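Visitor: When we follow the numbering used here, the leftmost residue of the sequence shown carries the number 1, and every step to the right adds one.
Please note that the accuracy of each hint is not assured.
As the list claims (entries may be wrong) - Listed next, with one range per pair, are the computed distances between beta-carbon atoms:
#	residue 1	residue 2	range
1	His42	Cys86	38 to 44 Å
2	Arg339	Glu83	20 to 26 Å
3	Pro133	Ala40	39 to 45 Å
4	Tyr242	Leu263	16 to 22 Å
5	Glu134	Ser10	41 to 47 Å
6	Val132	Ala173	17 to 23 Å
7	Pro138	Lys316	35 to 41 Å
8	Gln244	Arg56	21 to 27 Å
9	Asp337	Gly240	53 to 59 Å
10	Arg178	Val136	27 to 33 Å
11	Leu79	Ser314	29 to 35 Å
12	Glu134	Gln24	18 to 24 Å
13	Glu83	Glu134	23 to 29 Å
Hints in this document: simulated from the structure, not taken from any laboratory.
From a predicted model like this one, the values you see are computed outputs, not experimental measurements.
Think of the CB as a built atom: it goes at the ideal place given N, C-alpha and C, for glycine as much as any other residue.
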Amino acid sequence: MKPLTSQRVSRKICFVLPTHWSYQIGGAELQVQYITDYLAEHRPDYQLWYLCRYARTSPGSRVNIITLTHQSKKIPFVLDFWEMNCILNRIKPDVIYQRVGCAYTGFVAWYGRRNRCKTIWHVASQRDITPVPETVSPPKRVINAIDRVILNYGIRHADHIIGQARYQNRILASRFGRSCDIILPNVHPVPEVIPPKRDPIQVVWIGRIEGPKQPELFLRLARHFTAQSGIKFIMIGNAGTYWQPRLAQHMVEHPHFEYKGVLAVDEVNRILETAHILVNTSTFEGFPNTFIQAWLRGVPVVSLHVNPDGLLTSQKIGFYAQTYDQLIQDVRCLVADPRRREEMGQRARQFAQNTFSVSHVDRLIELMEQT
1 MKPLTSQRVS RKICFVLPTH WSYQIGGAEL QVQYITDYLA EHRPDYQLWY
51 LCRYARTSPG SRVNIITLTH QSKKIPFVLD FWEMNCILNR IKPDVIYQRV
101 GCAYTGFVAW YGRRNRCKTI WHVASQRDIT PVPETVSPPK RVINAIDRVI
151 LNYGIRHADH IIGQARYQNR ILASRFGRSC DIILPNVHPV PEVIPPKRDP
201 IQVVWIGRIE GPKQPELFLR LARHFTAQSG IKFIMIGNAG TYWQPRLAQH
251 MVEHPHFEYK GVLAVDEVNR ILETAHILVN TSTFEGFPNT FIQAWLRGVP
301 VVSLHVNPDG LLTSQKIGFY AQTYDQLIQD VRCLVADPRR REEMGQRARQ
351 FAQNTFSVSH VDRLIELMEQ T
């Protein structure tokens with residue numbers, strides 16, 4: 001990797017997202033936590049700010065957190081415009097980094113164009129650049145449409161765009177006539193040692209338990225293996241009032257299934273260290289952090305619909321099922337063939353170590369410091 005210049009320039013960097021990782025940690029928040037941790041360690045001359053709606057205290061952090069007045073999720077992001085503009089005028093950042101496509105993307109681009117401030121937008125999900133149909137009430141549909149218009153303005157006018165994967169570059173070119181300045185895959189700390197895998201075989205599913213993630217398919221998958229001994233299905237994630245009783249009932253009826261609830265990232269990683277297979281049933285994703293977390297711990301991925309840049313197949317580090325019946329067959333294949341499972345896991349770990357190390361944040365620093 002190209003070394004950074006020894007002549008360092010102090011800058012004010014402001015991160016703008018709806019949510020801080022102290023309040024609720026999703027993929028985007030986790031990535032920004034890793035980025036700010038890296039900047040705090042390697043660029044102590046930077047002043048780091050985090051502007052968001054939702055946050056709790058973050059003791060010991062070098063990041064200055066500012067929360068907006070509106071705290072209700074019923075209030076649309078568009079109503080945060082004036083307050084956000086006033087706060088940015090007070091901070092006077094040199095660079096604004098924005099992630100999670102929403103009205104904030106447009107606000108940041110508008111501010112940057114008027115205040116000689118560099119703006120960087122980082123794609124967080126396929127939904128950011130490709131709208132998906134929503135089953136919401138007419139008033140909510142209108143609010144979402146306004147949010148989308150402002151988001152699209154931001155995509156067109158941000159100074160720089162960072163993609164997670166090459167496929168996002170193709171979509172940007174097709175829909176917005178733009179290309180990514182850099183492709184920066186999600187970054188993760190690399191674990192030094194991975195314990196050996198032991199029985200029983202553990203098949204893990206991780207995510208928010210809601211519609212687009214299709215958690216019901218993982219429950220169906222677990223039922224297919226009810227009669228098979230030596231295998232355990234583990235589900236991790238936030239379940240609302242609809243799903244909680246159903247998951248509790250599923251555990252009663254299927255003792256080989258366990259719902260762990262919401263876990264901290266370190267706890268998720270400890271489970272993946274002993275896991276054998278990660279299953280993903282989402283209809284769409286950006287670049288799932290869970291894939292990288294699994295690969296770094298020698299766990300192949302079986303995915304129904306998500307195969308970013310074709311890595312599962314091109315690198316031979318998992319299976320891209322595309323149909324539910326094939327998903328069953330792919331899981332069954334890895335359960336029955338420990339040698340193939342181990343070889344896939346070893347390839348996955350080597351690939352992930354080379355591709356997703358936090359040291360790649362240096363490329364973001366280079367982009368921030370371009371004149």
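Visitor: Give a verdict on every hint.
Guide: These are the hints, each one checked on the structure:
For the pair histidine 42 and cysteine 86, the supplied restraint of 38 to 44 Å is violated, since their beta-carbon distance comes to about 31 Å. For the hinted restraint 20 to 26 Å between arginine 339 and glutamate 83, the CB-CB distance of approximately 58 Å leaves it violated. Remark: the range hint 39 to 45 Å for proline 133 to alanine 40 is upheld by a beta-carbon distance near 41 Å. Under the hint 16 to 22 Å, the C-beta atoms of tyrosine 242 and leucine 263, about 20 Å apart, fit the expected range.
Checking the proposed 41 to 47 Å range against glutamate 134 and serine 10 shows it holds: the Cβ atoms sit about 43 Å from each other. The supplied range of 17 to 23 Å is met by valine 132 and alanine 173, whose beta-carbon atoms lie about 20 Å from each other. Roughly 47 Å separates the CB atoms of proline 138 and lysine 316, a value that falls outside the hinted 35 to 41 Å. For glutamine 244 paired with arginine 56, a C-beta distance near 23 Å keeps the hint of 21 to 27 Å intact.
Between aspartate 337 and glycine 240 the Cβ separation comes to about 37 Å, which falls outside the hinted range of 53 to 59 Å. In this structure the hint that arginine 178 and valine 136 lie 27 to 33 Å apart at CB holds, the actual value being about 28 Å. The hinted window of 29 to 35 Å between leucine 79 and serine 314 is violated, with their beta carbons roughly 45 Å apart. With their beta carbons about 21 Å apart, glutamate 134 and glutamine 24 fall inside the hinted range of 18 to 24 Å.
Taking 23 to 29 Å as the suggested C-beta distance range, the pair glutamate 83 and glutamate 134 conforms, at roughly 27 Å.
The structure fails to meet hints 1, 2, 7, 9, 11 from the earlier list, while all remaining hints are met.
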